[in-house]
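Student: Numbering (the numbering used here), first residue to last: 1 to 249.
It is worth saying that the hints were derived from the structure and are not from the lab.
Just so it is clear, CB atoms sit at the ideal spot from N, CA and C, and this is done for glycine as well.
Any given hint could be a false lead.
Calculated pairs, DSS-like style, for lysine-lysine (alpha carbon to alpha carbon, straight line, at most 30 angstroms) [unchecked claim]: (1) K216 <-> K242; (2) K246 <-> K216; (3) K185 <-> K246.
Here are the in silico distance ranges between beta carbons for each label pair [to be verified]: (4) P192 <-> F97: 54 to 62 angstroms; (5) A3 <-> P35: 45 to 53 angstroms; (6) Y30 <-> P115: 20 to 28 angstroms.
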Amino acid sequence: MTAQLKKEWLISFAGWSAFIFFMSATYVLYDWAMPPAEEINNRPWWALQEWGLWYLLTPVVFRLLTQHHQANRLTKQKFICILALMLCISMTYQAIFDFWVLCDAIPYTMLYFAPSHPLVLFVLSYLWHTFLRTEQPLHHNTLEVETGSTTARLRFSDITHINSASNYVELHTEQHHYLKRITLKQIEQQLPDTQFIRTHRSHLVNLDYVERIHIKPSGSGLVLLKSGQSVALSKAFKPVLKAKLKHVA
Numbered sequence: 001m002t003a004q005l006k007k008e009w010l011i012s013f014a015g016w017s018a019f020i021f022f023m024s025a026t027y028v029l030y031d032w033a034m035p036p037a038e039e040i041n042n043r044p045w046w047a048l049q050e051w052g053l054w055y056l057l058t059p060v061v062f063r064l065l066t067q068h069h070q071a072n073r074l075t076k077q078k079f080i081c082i083l084a085l086m087l088c089i090s091m092t093y094q095a096i097f098d099f100w101v102l103c104d105a106i107p108y109t110m111l112y113f114a115p116s117h118p119l120v121l122f123v124l125s126y127l128w129h130t131f132l133r134t135e136q137p138l139h140h141n142t143l144e145v146e147t148g149s150t151t152a153r154l155r156f157s158d159i160t161h162i163n164s165a166s167n168y169v170e171l172h173t174e175q176h177h178y179l180k181r182i183t184l185k186q187i188e189q190q191l192p193d194t195q196f197i198r199t200h201r202s203h204l205v206n207l208d209y210v211e212r213i214h215i216k217p218s219g220s221g222l223v224l225l226k227s228g229q230s231v232a233l234s235k236a237f238k239p240v241l242k243a244k245l246k247h248v249a
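Build out the structure end to end from the sequences listed, making use of the hints.
Tutor: This is the structure:
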């Protein structure tokens with residue numbers, strides 16, 4: 001069992017044990033302080049009966065959130081789906097248990113627990129974010145890109161050039177290209193200026209992949225890459241590129 005897993009079970013067990021003990025003690029003290037006619041007379045194990053299920057569900061919630069977070073798949077939609085799934089499971093169990101064991105009507109049980117179970121899940125998500133959510137390690141010289149339903153790290157050295165596409169950019173390698181929701185200006189600030197240079201207001205190129213430049217009679221040109229691709233070169237950025245590539249005509 002990993003340290004993270006132990007921590008999840010420890011928080012679950014300690015938290016619910018303290019809560020159940022507090023609730024039971026509160027009712028015992030109330031009955032002790034009140035006259036017999038006003039006593040509640042709950043069974044000693046009533047709190048465990050109502051909340052004991054969460055001894056099992058809480059570690060499951062923590063584990064699902066942690067696993068999706070570590071795999072970079074914990075989007076807002078996924079987060080809501082996990083909590084909604086656990087709410088359905090908890091309410092279904094509670095309704096069945098109360099119907100067969102306590103002979104309570106299912107609508108009554110659903111109405112009785114409807115406010116408390118969502119509140120429990122809200123508290124659990126807060127505890128996970130505060131005490132169990134681990135920071136993802138910093139990845140130097142890489143960018144996070146989406147590949148289908150998952151994410152991956154793309155090394156700077158593998159990027160041949162980058163094209164602007166409104167609020168997105170197209171990241172090109174020699175074999176693939178990726179779409180990332182970020183502006184060209186924002187991604188330019190994340191890249192080393194010794195390796196990447198702007199050749200056009202809509203293009204960045206990796207200097208390591210530049211084969212040569214071709215100048216048109218108009219003064220603009222093309223940057224020809226070792227991958228066989230070409231990128232537009234505007235007159236405004238031509239002097240800077242030539243200074244970086246003194247060996248290129």
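Student: Compare the structure with each hint and give your call.
Tutor: Results for each hint:
1. The suggested pairing of K216 with K242 holds, with an alpha-carbon distance near 15 angstroms, which does not exceed 30 angstroms.
2. For the given pair, K246 sits about 18 angstroms from K216 by alpha-carbon distance, which is consistent with the 30 angstroms threshold.
3. At most 30 angstroms may separate the alpha-carbon atoms for a hinted pair to count; K185 and K246 meet this at roughly 26 angstroms.
4. The hint said 54 to 62 angstroms for the Cβ distance between P192 and F97, and at roughly 60 angstroms that hint holds.
5. Roughly 52 angstroms separates the CB atoms of A3 and P35, a value that falls within the hinted 45 to 53 angstroms.
6. Range check, Y30 to P115: Cβ separation about 21 angstroms, and the 20 to 28 angstroms hint holds.
In the structure shown, no violation is registered for any of the earlier numbered hints.
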